[in-house]
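Read top to bottom, the protein sequences are chains A and B. Start counting at 1 in the first sequence, then tack on 288, and there's your number in the working numbering. Start counting at 1 in the second sequence, then tack on 288, and there's your number in the working numbering.
Derived from the structure by calculation, the hints contain no laboratory data. Take these hints with a grain of salt, some might be off.
Lysine-lysine pairs mimicking PhoX-like chemistry, simulated, CA-CA at most 20 Å apart [as the list claims (entries may be wrong)]:
1. K378/A to K378/B
2. K379/B to K378/A
3. K502/B to K568/B
4. K568/B to K379/A
5. K378/B to K379/A
Derived, one-sided and incomplete: chain B residues facing chain A with beta-carbon distance under 8 Å [said to hold, decoys possible]:
6. R315
7. S317
8. F398
9. Q399
10. H513
11. K609
12. D649
13. K672
14. S676
15. D681
16. V701
17. T715
18. M733
19. V734
Just so it is clear, CB atoms sit at the ideal spot from N, CA and C, and this is done for glycine as well.
2 protein chains.
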Amino acid sequence: MNYKDASMAEIDSAVAAAKAAFPIYRRISDVDRAAFLVAISREILAIGDKLIQSACTESNLPEARITGERGRTTGQIQAFADFISNPTWKKEIHDPAQPDRAPLPKPDLFQTQIPLGPVAVFGASNFPLAFSVAGGDTISALAAGCPVVFKAHPAHPKTGELVGSAISKAVASCGLPAGVFALIHGSSNEVGSYLVQHPDIQAVGFTGSYRGGKALYDLAVRRPHPIPVYAEMGSVNPVILLSNKIAENPAALAAGLAGSVCLGVGQFCTNPGLLILQKKDATFLDLLAAELDKLPLGTFLTPGIASAYASGVANLSNHAKKLTSRDLPSPALFVADAASANHQILEEVFGPCTVAILVDDEAEMLTFIESMDGQLTGTIHGTKNEISDELIDTLLQKVGRLLFNGFPTGVEVSGAMVHGGPFPATTDSRSTSVGTQAIYRFTRMVCLQNRL
Amino acid sequence: MNYKDASMAEIDSAVAAAKAAFPIYRRISDVDRAAFLVAISREILAIGDKLIQSACTESNLPEARITGERGRTTGQIQAFADFISNPTWKKEIHDPAQPDRAPLPKPDLFQTQIPLGPVAVFGASNFPLAFSVAGGDTISALAAGCPVVFKAHPAHPKTGELVGSAISKAVASCGLPAGVFALIHGSSNEVGSYLVQHPDIQAVGFTGSYRGGKALYDLAVRRPHPIPVYAEMGSVNPVILLSNKIAENPAALAAGLAGSVCLGVGQFCTNPGLLILQKKDATFLDLLAAELDKLPLGTFLTPGIASAYASGVANLSNHAKKLTSRDLPSPALFVADAASANHQILEEVFGPCTVAILVDDEAEMLTFIESMDGQLTGTIHGTKNEISDELIDTLLQKVGRLLFNGFPTGVEVSGAMVHGGPFPATTDSRSTSVGTQAIYRFTRMVCLQNRL
Numbered sequence: 289m290n291y292k293d294a295s296m297a298e299i300d301s302a303v304a305a306a307k308a309a310f311p312i313y314r315r316i317s318d319v320d321r322a323a324f325l326v327a328i329s330r331e332i333l334a335i336g337d338k339l340i341q342s343a344c345t346e347s348n349l350p351e352a353r354i355t356g357e358r359g360r361t362t363g364q365i366q367a368f369a370d371f372i373s374n375p376t377w378k379k380e381i382h383d384p385a386q387p388d389r390a391p392l393p394k395p396d397l398f399q400t401q402i403p404l405g406p407v408a409v410f411g412a413s414n415f416p417l418a419f420s421v422a423g424g425d426t427i428s429a430l431a432a433g434c435p436v437v438f439k440a441h442p443a444h445p446k447t448g449e450l451v452g453s454a455i456s457k458a459v460a461s462c463g464l465p466a467g468v469f470a471l472i473h474g475s476s477n478e479v480g481s482y483l484v485q486h487p488d489i490q491a492v493g494f495t496g497s498y499r500g501g502k503a504l505y506d507l508a509v510r511r512p513h514p515i516p517v518y519a520e521m522g523s524v525n526p527v528i529l530l531s532n533k534i535a536e537n538p539a540a541l542a543a544g545l546a547g548s549v550c551l552g553v554g555q556f557c558t559n560p561g562l563l564i565l566q567k568k569d570a571t572f573l574d575l576l577a578a579e580l581d582k583l584p585l586g587t588f589l590t591p592g593i594a595s596a597y598a599s600g601v602a603n604l605s606n607h608a609k610k611l612t613s614r615d616l617p618s619p620a621l622f623v624a625d626a627a628s629a630n631h632q633i634l635e636e637v638f639g640p641c642t643v644a645i646l647v648d649d650e651a652e653m654l655t656f657i658e659s660m661d662g663q664l665t666g667t668i669h670g671t672k673n674e675i676s677d678e679l680i681d682t683l684l685q686k687v688g689r690l691l692f693n694g695f696p697t698g699v700e701v702s703g704a705m706v707h708g709g710p711f712p713a714t715t716d717s718r719s720t721s722v723g724t725q726a727i728y729r730f731t732r733m734v735c736l737q738n739r740l
Numbered sequence: 289m290n291y292k293d294a295s296m297a298e299i300d301s302a303v304a305a306a307k308a309a310f311p312i313y314r315r316i317s318d319v320d321r322a323a324f325l326v327a328i329s330r331e332i333l334a335i336g337d338k339l340i341q342s343a344c345t346e347s348n349l350p351e352a353r354i355t356g357e358r359g360r361t362t363g364q365i366q367a368f369a370d371f372i373s374n375p376t377w378k379k380e381i382h383d384p385a386q387p388d389r390a391p392l393p394k395p396d397l398f399q400t401q402i403p404l405g406p407v408a409v410f411g412a413s414n415f416p417l418a419f420s421v422a423g424g425d426t427i428s429a430l431a432a433g434c435p436v437v438f439k440a441h442p443a444h445p446k447t448g449e450l451v452g453s454a455i456s457k458a459v460a461s462c463g464l465p466a467g468v469f470a471l472i473h474g475s476s477n478e479v480g481s482y483l484v485q486h487p488d489i490q491a492v493g494f495t496g497s498y499r500g501g502k503a504l505y506d507l508a509v510r511r512p513h514p515i516p517v518y519a520e521m522g523s524v525n526p527v528i529l530l531s532n533k534i535a536e537n538p539a540a541l542a543a544g545l546a547g548s549v550c551l552g553v554g555q556f557c558t559n560p561g562l563l564i565l566q567k568k569d570a571t572f573l574d575l576l577a578a579e580l581d582k583l584p585l586g587t588f589l590t591p592g593i594a595s596a597y598a599s600g601v602a603n604l605s606n607h608a609k610k611l612t613s614r615d616l617p618s619p620a621l622f623v624a625d626a627a628s629a630n631h632q633i634l635e636e637v638f639g640p641c642t643v644a645i646l647v648d649d650e651a652e653m654l655t656f657i658e659s660m661d662g663q664l665t666g667t668i669h670g671t672k673n674e675i676s677d678e679l680i681d682t683l684l685q686k687v688g689r690l691l692f693n694g695f696p697t698g699v700e701v702s703g704a705m706v707h708g709g710p711f712p713a714t715t716d717s718r719s720t721s722v723g724t725q726a727i728y729r730f731t732r733m734v735c736l737q738n739r740l
């Protein structure tokens, strides 16, 4: 089947339907909106095996992973349904009137949240279900009361269609206007550009590359009426390895790290692409290289990602020393001194590859961390005694999530999760794209004064 | 005394000091930060009459107003000190670990807020104290843990210096690094442009004109690392006048409205510059015109604002019918039909002037509201029975604050206040610049996973 790029007229019509649906959709109760979300989940499960097969075929990901991802997707939908079923989600504040206050009476003030309007969402290549058509961006926007126009990822258009149809079935079965959700296709940049610049689109959610996310951001902020863009653009996710922790059980640490680097062919935004450790601990890297040499490369999501990985690691070998022994492309470990590390070493290579930066001492470690760009995650492997408050504080400035003695891959869907971080990890450091707090990307606070 | 524009080297040095102060300042406790805010308030009061005289002289505002504004300023500082003294302000979320969860254990997740970094703040001309050097933007940034580089408004540089010195005294008396606060002068655009583009500035607060705020926004989003800009740029603040409410007591309504239009020579961002009513109620406008004709024009803050008002009302009289009888410039009421209202009529004229738009019926009223730009406030004068849910819902889409049977001037400093609204009222509709929620413009959420 052929998935044609949406024409301008088709995009106009999808956005017009979303705009028309908005007043109706925003006025339904939270309870009805929660029931709609649950209906989406039900319709996704009703597709059955066809969905699993389609996603496996289009993504090269194994069935167990896709089945797990479907569970994550429906679990996420349920989490948002539960979240908006509790009225506290609107963070209402009531300051009662003080009619007798001098010199002026105080009015009654009531603050609540309202949805922003139609949202454009762009899905990721690496999660054909959980960060795609019915993924966190779409569901948090729908939970907030915003209609969604979704641009399917060209890497898995059929899976996108299947899930899009499930959402549209839920829209119909809940008696909502069809414009609450639309799916459009677009393999060219023109479709996304036109969508983001449409005057009736009020916000954008995106998960993908820096190039893609930044291009949409640039368009959105140059509109006559600028709109917020929540682009999650990945990062290298530094992992700090401290001496005592390495010494405790180097073999287990190396195996755990290698597993995280190679998980899902390294195609995660939270893949640990940067290690920072002291020169005196450098022999640990031989262990890690040996672990990586044991692991298969695997099949990439798309031929494009495979060739980008091949050229990314080839480029890295011009700037850093390769410690893994197999020919490239393969899971790879590189090493460079902090003093000689240039910017090219620190750019994300999407895939199972990581670069170790060697520092002289803790002072150079802190200086290096301070020089880093914004990151989705930062990780410290250390014993309680060797982790200084300064290290925590310094790394925290650069990340959305700080992990202790863990691995950054595997992002929990939970109220406290932050999947975000300073630019260039995202275009809005004050938000998260995973977990229930993601809903506030698509709402704004309003105050009602002396409401009758 | 001459207040020279800051040179690039002076700006660099102020920002470098702010950057150096940030790690120290962000690590002090909330209690210590609250004590610092209270010390600022004390130092402002210690300036005594000199401050009142300086602000009166520089702004042409009467002493009672400036004294009141000083009270508003210190009250606001106390409100932020109280707010951060309660640990709940960090909106912490703790999701405990579930080590036995299958198939994967759930980690311990803890979400909290951290400050963004050095903030550039631009004060307003119309509030030499409450929206200036120690105004809501500065104090909310300091409360959040961000150092501030403040660009004084050229309309009141001496007042700015006095308050800036008070803050610096509080910095010193609390043993904080001097870089926590700096005041710079700049009557040219270059100073502000350079400051906002400085790579170590992490956010911007601004209150003023659309032209000024939008220019800063455009610079900030084009930086290599874009930063958030919270520019409050004013609006025309539509007031909907419904038939039964007008009929109840037209004289009182006309007197109240005229007072709000002329308050502070109309120099408020929330000045009611647009009235919307049905043609059948148009005779009410004669009453309002008569009330406005009784009120003095007053002295504007600056000669620049006076001449902008004169040309603004002259321009309006080319597009709408003047109902007030005095020669312009004077407090003025214009009227036009909704069908013939062009964009020029709807642009803010800063000063005691308002434009009435006549609609045929409620349907045309709703259509007109839907066509409006974003506003700080919207007001409905109506009886409970005649205010439809649709009117409330439609107007709420356009505003940050919706008032019932009141006047938009006079913005309460309170937890539930929203002084914000959709573009072009502000550059970030999800924020407020008045009230304690303003602090979250300068923080971002982070997640600590399995913290030791």
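Against the structure, the hints come out as follows:
1. A hinted pair counts as satisfied when its Cα atoms are at most 20 Å apart, and K378/A with K378/B qualifies at roughly 17 Å.
2. Annotation: proposed proximity of K379/B to K378/A holds, straight-line Cα distance about 14 Å (limit 20 Å).
3. Only pairs whose Cα atoms come within 20 Å are accepted, and K502/B paired with K568/B is rejected, the gap being roughly 39 Å.
4. A distance of roughly 41 Å separates the Cα atoms of K568/B and K379/A; the hinted pair therefore is violated under the 20 Å criterion.
5. Proposed proximity of K378/B and K379/A is supported: the alpha carbons are some 14 Å apart, at most 20 Å.
6. Taking 8 Å as the C-beta contact cut-off toward chain A, the hint placing R315/B at the interface holds, the least distance being around 6 Å.
7. The beta carbon of S317/B is not positioned within 8 Å of any beta carbon in chain A (closest approach about 13 Å), and the interface hint is therefore violated.
8. For the restraint placing F398/B at the interface with chain A, the shortest Cβ-Cβ distance is roughly 6 Å, inside the 8 Å limit, so the hint holds.
9. The restraint placing Q399/B at the interface with chain A holds, with a minimum CB-CB distance near 4 Å, inside the 8 Å limit.
10. Against a cut-off of 8 Å between C-beta atoms, the interface hint on H513/B holds, since the closest Cβ of chain A lies about 5 Å away.
11. For K609/B, the suggested interface contact is broken, since its CB lies about 30 Å from the closest CB of chain A, more than 8 Å.
12. The beta carbon of D649/B comes no nearer than 19 Å to any beta carbon in chain A, farther than 8 Å, and the hint placing it at the interface is violated.
13. Taking 8 Å as the C-beta contact cut-off toward chain A, the hint placing K672/B at the interface holds, the least distance being around 5 Å.
14. Evaluation of the S676/B hint against chain A yields a violated restraint, the C-beta minimum of about 12 Å exceeding 8 Å.
15. Here the hint on D681/B is kept, as its CB sits about 6 Å from the closest CB of chain A, short of 8 Å.
16. Residue-level restraint check for V701/B is violated (minimum Cβ-Cβ distance to chain A is 10 Å; threshold 8 Å).
17. Checking T715/B against chain A by beta carbon gives a least distance of about 7 Å; that is within 8 Å, so the hint holds.
18. With its C-beta approaching chain A no nearer than about 5 Å, M733/B sits inside the 8 Å limit, and its interface hint holds.
19. Annotation: V734/B was flagged as interfacial toward chain A, and the flag holds, the nearest CB pair being 6 Å apart, inside 8 Å.
Going down the numbered hints, you'll see the structure goes against 3, 4, 7, 11, 12, 14 and 16, while the others check out.
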